[in-house]
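Novice: Heads up: the sequence shown runs through residues 1369 to 1807, numbered per my numbering.
It is possible that some hints are incorrect.
What the hints assert, rightly or not - Computed beta-carbon distance windows for the label pairs:
| hint | residue 1 | residue 2 | range |
| --- | --- | --- | --- |
| 1 | Asp1372 | Gln1573 | 33 to 39 Å |
| 2 | Arg1728 | Leu1676 | 52 to 58 Å |
| 3 | His1735 | Gly1626 | 51 to 57 Å |
| 4 | Pro1470 | Asp1372 | 40 to 46 Å |
To be verified - 27 Å max Cα-Cα, derived DSSO-like pairs, lysine-lysine:
| hint | residue 1 | residue 2 |
| --- | --- | --- |
| 5 | Lys1549 | Lys1478 |
| 6 | Lys1722 | Lys1739 |
| 7 | Lys1549 | Lys1448 |
| 8 | Lys1684 | Lys1649 |
| 9 | Lys1448 | Lys1722 |
No lab work stands behind these hints, which were simulated from the structure alone.
Every value quoted in this text rests on a predicted model; they were computed, and no experiment measured them.
From the three backbone atoms N, C-alpha and C, an ideal C-beta is built for every residue, glycine too.
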Amino acid sequence: MNPDQLALRRQILQLVEQYAAAAPAPGAFQAGQTVIPPSGKVVGAPEMKLMVEASLDAWLTTGRFNAAFEARLGERLGVKHVLTTNSGSSANLLAFSALTSPLLGERAIKPGDEVIGVAAGFPTTVNPILQCGAVPVLVDVHLPTYNIDVEQMAAAITPRTKAIMLAHTLGNPYNLDAVTKLCREHGLWLVEDCCDALGSTYSGQLVGTFGDIGTLSFYPAHHITMGEGGAVFMNDDTLRRAAESLRDWGRDCWCAPGKDNTCGQRYCWKLGQLPEGYDHKYTYSHLGYNLKITDMQAACALAQLDRLDGFIAARKRNFARLHERLQGSQEFLLLPEATPGSDPSWFGFPITIKPVANLRRVDLLTHLDSKRIGTRLLFAGNLTRQPYMQGRNYRIAGPLTHTDIVMNDTFWIGLYPGLSDEQLDYAADEIAGFVGGGL
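Whole structure, please, built from the sequences with the hints as guidance.
Specialist: What follows is the structure in structure tokens.
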């Protein structure tokens, strides 16, 4: 970059900062008119400046900002390896696919092997199990933590069980003592879906670092964002090699995009039935994908990392405010509880309507919608009742009683850092007033 370009770049970044500063402040809250979304992003000058820098580099694909983001996120999580992906769903696919790698020998998951999960959750925590030919074994959840019923989980294990793959529901860690104990006793892999749980801890340890592989999502609704994007992270070198190969078309070469012959032996390999000396850059050891991100996405997330502590604190504060505001409605509403020993970095505030309320969920949600208060269901509700699951090869471990309650009576409201106290109070008061437990 020549001096003229450097000077112009500085001017451009100064203009970006001025542009961000000129954004209008949010208008005064107006009850029933101001939208209260269930989730959202908080971005500003830091993100814009780094994204513009990445654009000016014109590298476009994975580059220096991605390398910096992977390194900083790894430091934050305390893990050896981080690989970015183009979504959290892709991260789950990549994580589970890595467990099928021939690099793992006899421990590799094979078609027909069983993997324990829950039916009350997001589809792409379970879908990779099916996509790789394994069999999901679906277990009920505990209320009001909305995480796996550990007793039913233990009873679900058979000689065919090879792994457990679970999400920390809405940021609330599941009972990692029980889950990791079972994994140790039975030699099971553990995949922790942390897409909703960046910053959550269990016994003082970050979730995602208990199992073999953790995953994250950076969709705008999540704790930090890069637009679309995700990550897998792990400490095991073999799992990292498998995941990187699968992410990058399945190739055996580990050179970064735009780099060649970093091993110094590019034309010295003899693999498969290829001729000796076949270009290692075009040798494929896995049935892979292309799940990489662009450098502009990584630049956005790199700036977001500087805000993460504040985001987590705001989510915890907003959760506490909603919980306190809805205390008077507990006759009619089941309020969420953190798993004992955990400190959640909450993604949302789940609520279950009790039978005594004599109230249909759809009526409450319709009322909230009329007041411009956004809501979401707890994702798929009961996966086994979803259209796409009909005729699929899965096993139900026991009665899904609580899962059906979630499907019929549970919803969640937002608590992301962009919401004001006025918005939170209004949402809580409208819920309380409608169910009959108003302040």
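Novice: If you test the structure against every hint from before, which numbers come out violated?
Specialist: Of the numbered hints given earlier, those the structure breaks are 1, 2, 4, 8 and 9, listed in rising order.
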